[in-house]
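There are 2 protein chains.
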Amino acid sequence: MTLPPSDKALVPFVSVNNMMRLVHHIGLETMLRDLTAYIEADFKRWERFDKTPRVASHSEVGVIELMPTSDGEAYGFKYVNGHPKNTSEGLQTVTAFGLLADVYTGYPVLLTEMTLLTALRTAATSAMAARALAPRGADTMAMIGNGAQSEFQTLAMKAILGLKQVRLFDVDPEATTKCARNLQNQGVEVVTCRTPEAAIEGAQILTTCTADKQLATILTDNMVGSGVHINAIGGDCPGKTELAKGILDRADVFVEFPEQTRIEGEIQQMDPEFPVTELWQVLTGAAEGRTSAQQITLFDSVGFAIEDFSALRYIRDQIRETAFYEELDMLADPDDPRDLFGMLQRAG
Amino acid sequence: MTLPPSDKALVPFVSVNNMMRLVHHIGLETMLRDLTAYIEADFKRWERFDKTPRVASHSEVGVIELMPTSDGEAYGFKYVNGHPKNTSEGLQTVTAFGLLADVYTGYPVLLTEMTLLTALRTAATSAMAARALAPRGADTMAMIGNGAQSEFQTLAMKAILGLKQVRLFDVDPEATTKCARNLQNQGVEVVTCRTPEAAIEGAQILTTCTADKQLATILTDNMVGSGVHINAIGGDCPGKTELAKGILDRADVFVEFPEQTRIEGEIQQMDPEFPVTELWQVLTGAAEGRTSAQQITLFDSVGFAIEDFSALRYIRDQIRETAFYEELDMLADPDDPRDLFGMLQRAG
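Chains as they are written, first to last, in the working numbering: chain S, 1 to 348; chain R, 1 to 348.
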């Protein structure tokens, strides 16, 4: 006979199914706006966080990473893999889950799926950066790479920036068809394109989000005119970039955490002294963002632990008093904390 | 309406309750012997592992750590906190959970409670080290610190080494009473002691396992005679030690991973060049263990990620075809891996 676990032993868990229910309950665009607000609030108190580059375990076919951070009151981390070859085997390139804990007790307070949540927070972060950096009135985006992130990127730009048109291109036309179908009736005009050059026509925001793990050139130097904002999502690990070096020479580059971006981002192509601006400083007003209409701004996004932390905080706040989680018996909690053995014995 | 998640989205989860059922199903001493075998097998292939000191987030009241490692085929990590003040608030000093994943796909294959499992693997590791290092015929152990680990330490020494007598001491007599009560009818003679000096009388193995986060002196230099094996468990983070420096000068010190032990173990008291032997090399025969009956051997144990990895491997192997786990819907797994958004939409 075993006794039911005590309350202290239980950790709220948000499954994929409950995350989907929560998104529909809140509404996708509302959730993207809320997440942007949570992420921006955390970026504005950047200096309060413990920051460390992610802890990566590389293999020939992919990477598994842990991304921890803490603001001194809460501690969060995400487990995330990146396996570009997975798609061809019917698996996700990226899957993730995350955990939030109380720094004072060390006890976890939330475990949640983060495959969906990562797509949402990545899109919210892109939109937050574009709101700060894109040319005034930007309402057209080229979306190059029409995989799992593309619809979320598009709808975040709509919800946060008022995007009116998205221009899709992917080397695989089926991906474009899938993305266009999903974006029907979402309030954004969708134009499918057969070349990347066609996709960037008239776009003030150029988003690249491709998955191949290689030094690719999704955007060549001569494709990029002045007065655009580039939102580079896919160059996010060593040996994986999307932009021609010449673009970086002409652009003003904004990053999350320079120590990490120099290893993983587009700027891994540049020397270690290449000047970058930290996005959080633009948001607080400590650094300048866009200073002219002709400027090329580039958000060299690799994804940072604080964005996951914000997303975890948001989910914890949202699930209170709802049915969108279950309780997991994950922590041993004997009546007498020194009597772990006695708890085990009594369960026998 | 939502569809049930696909098989690929499900991760086996072992709750605290199921872990307790599994221990009783296998039998505690059998499990301790099995764990010792798994840990020893992994120590013997030490060079195959990715090794890194744990990633720690310190606060004034405790620490939260992530301990990852990989053998190239599987990847494991443990989340563990250490909050000595928790006990006085009715919480565990240490709680933990762990995850095992497939390096080839990056997909998790096991999530499990590890508060109990950590106590088991720590005890198994201690017994593995004592079997290699303690004087021949050692059958009496002083157990100083009678908290959550003490019974597990004792029964592992019984199961793996044939321990006949344990001599208990704790600054809190209630802890000793609890430990003695739990060890009734377990096949080990229990002697409760009022002083640490009384506890070490006639003991060939001296185990220290106390929780105060300070530079304490649980064993003074003149308490430790020749020909003993010291199993130092409690000195396991910066600023937390248990042994007088003089003991370290007289002992041959064996460690798990020197880079981590120099930061966290008893040898944080010594200079960075202080000679130590890696335990795995003793197990493979590449280094000598005990070379004389008079020698003091010291296992300066801080707990290392490979021990957790071995324990995760063991649990994964044991739960197959059993009812001791449930399936968690933790990974989003759309039919078309690029169509995460479509999966979300269809759930609406």
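Just so you know, these hints were derived from the structure itself, not from any lab.
This structure is a prediction, so every number in the text was calculated from the model and none was measured.
Among the hints, erroneous ones may be present.
The list cannot tell twin chains apart, which means a pair is met if one copy fits it or any two copies do.
[Stated by the list, open to error] In silico DSSO-like cross-links for lysine-lysine, where the CA-CA straight-line distance does not exceed 27 Å:
no.: 1; residue 1: 245; residue 2: 164
no.: 2; residue 1: 245; residue 2: 8
no.: 3; residue 1: 85; residue 2: 245
no.: 4; residue 1: 51; residue 2: 85
no.: 5; residue 1: 8; residue 2: 85
We went through each hint and held it up to the structure:
no.: 1; hint: 245 with 164; result: neither (30 Å within a copy, 70 Å between copies)
no.: 2; hint: 245 with 8; result: neither (53 Å within a copy, 39 Å between copies)
no.: 3; hint: 85 with 245; result: within (26 Å within a copy, 53 Å between copies)
no.: 4; hint: 51 with 85; result: between (30 Å within a copy, 26 Å between copies)
no.: 5; hint: 8 with 85; result: between (41 Å within a copy, 16 Å between copies)
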